[in-house]
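Please work from the sequences and hints to get the whole structure.
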Amino acid sequence: NAGVTQTPKFRVLKTGQSMTLLCAQDMNHEYMYWYRQDPGMGLRLIHYSVGEGTTAKGEVPDGYNVSRLKKQNFLLGLESAAPSQTSVYFCASSYSLEGRWNQPQHFGDGTRLSIL
Amino acid sequence: AQKVTQAQTEISVVEKEDVTLDCVYETRDTTYYLFWYKQPPSGELVFLIRRNSFDEQNEISGRYSWNFQKSTSSFNFTITASQVVDSAVYFCALGSYNFNKFYFGSGTKLNVKP
Numbered sequence: 001n002a003g004v005t006q007t008p009k010f011r012v013l014k015t016g017q018s019m020t021l022l023c024a025q026d027m028n029h030e031y032m033y034w035y036r037q038d039p040g041m042g043l044r045l046i047h048y049s050v051g052e053g054t055t056a057k058g059e060v061p062d063g064y065n066v067s068r069l070k071k072q073n074f075l076l077g078l079e080s081a082a083p084s085q086t087s088v089y090f091c092a093s094s095y096s097l098e099g100r101w102n103q104p105q106h107f108g109d110g111t112r113l114s115i116l
Numbered sequence: 001a002q003k004v005t006q007a008q009t010e011i012s013v014v015e016k017e018d019v020t021l022d023c024v025y026e027t028r029d030t031t032y033y034l035f036w037y038k039q040p041p042s043g044e045l046v047f048l049i050r051r052n053s054f055d056e057q058n059e060i061s062g063r064y065s066w067n068f069q070k071s072t073s074s075f076n077f078t079i080t081a082s083q084v085v086d087s088a089v090y091f092c093a094l095g096s097y098n099f100n101k102f103y104f105g106s107g108t109k110l111n112v113k114p
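Protein sequences, first through last, are from chains G and R. Mapping to this note's numbering: the first sequence position 12 is 12, numbers consecutive. Mapping to this note's numbering: the second sequence position 90 is 90, numbers consecutive.
Calculated from the structure, these hints are not laboratory results. Be careful, since some hints might not be right.
To be verified - Each computed DSSO-like pair below joins lysine-lysine, with the alpha-carbon atoms no more than 27 Å apart:
1. LYS101/R x LYS71/G
2. LYS16/R x LYS9/G
3. LYS57/G x LYS113/R
4. LYS57/G x LYS101/R
5. LYS16/R x LYS57/G
6. LYS70/G x LYS109/R
7. LYS16/R x LYS101/R
8. LYS14/G x LYS71/G
9. LYS109/R x LYS70/R
10. LYS9/G x LYS57/G
11. LYS70/R x LYS38/R
12. LYS109/R x LYS9/G
Structure (structure tokens):
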């Protein structure tokens with residue numbers, strides 16, 4: 001049981017390049033999330049999904065797009081990378097019992113992304 | 001506004017000392033959920049506890065205990081007899097049901113020295 005798997009673990013991009021981060025979970029969770037973690041700012045929610053085919057904006061969605069074509073996968077895209085997007089990105093998933101935001105989130109190990 | 005404040009940026013203690021990590025939250029929601037997560041130096045995030053707004057019972061799990069007080073909008077975390085393995089960044093988080101928001105605090109880095 002792998003839990004939440006993020007690929008890649010590290011990546012260096014040049015400004016303006018695009019890339020996609022992949023998150024896969026094998027726990028049959030309905031909800032999936034993408035966060036970024038910056039020093040002194042904790043984790044900030046970028047986008048989230050409450051089910052296959054649905055996505056919603058979080059706290060800091062600008063510059064990112066997401067897709068949830070399959071229940072087990074949640075993709076985060078950077079269309080034109082900027083140095084301000086240098087961060088550690090975490091994916092998480094959770095059940096959806098009893099409504100929103102009340103279930104523990106299971107996190108992947110993170111992706112360290114540097115934009116030069 | 002929904003907000004989580006962890007005013008203690010970094011705390012250092014000597015092993016076996018007790019330590020309390022503060023968490024103050026702000027929400028207008030009547031239904032909300034509070035969480036604590038641990039991020040050890042290896043970087044992964046580990047769920048520790050969840051509390052909903054209707055349950056103010058304090059909880060103890062081994063050396064860990066949590067004090068939830070709605071009157072002061074606080075959800076503090078105490079580690080008794082700290083150990084070196086407790087060294088980590090601890091995050092408090094708030095899920096707001098009706099406002100459909102989820103926020104992490106900025107984290108408190110705990111250093112436990114031998």
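So, going through the hints one by one against the coordinates:
1. LYS101/R x LYS71/G: 22 Å, holds
2. LYS16/R x LYS9/G: Violated - the C-alpha atoms of LYS9/G and LYS16/R are around 36 Å apart, more than 27 Å.
3. LYS57/G x LYS113/R: The given pair, whose Cα atoms are some 41 Å apart, is violated under the 27 Å limit.
4. LYS57/G x LYS101/R: Measuring from Cα to Cα gives roughly 10 Å; hence the hint holds.
5. LYS16/R x LYS57/G: 43 Å, violated
6. LYS70/G x LYS109/R: It is violated: about 37 Å lies between the C-alpha atoms, which goes past 27 Å.
7. LYS16/R x LYS101/R: 37 Å, violated
8. LYS14/G x LYS71/G: Distance of about 31 Å is beyond 27 Å: violated.
9. LYS109/R x LYS70/R: The hint holds at about 25 Å.
10. LYS9/G x LYS57/G: Within the cut-off at roughly 24 Å; holds.
11. LYS70/R x LYS38/R: Measuring from Cα to Cα gives roughly 23 Å; hence the hint holds.
12. LYS109/R x LYS9/G: 23 Å, holds
In this structure, the earlier hints numbered 2, 3, 5, 6, 7 and 8 are contradicted, and the remaining ones agree with it.
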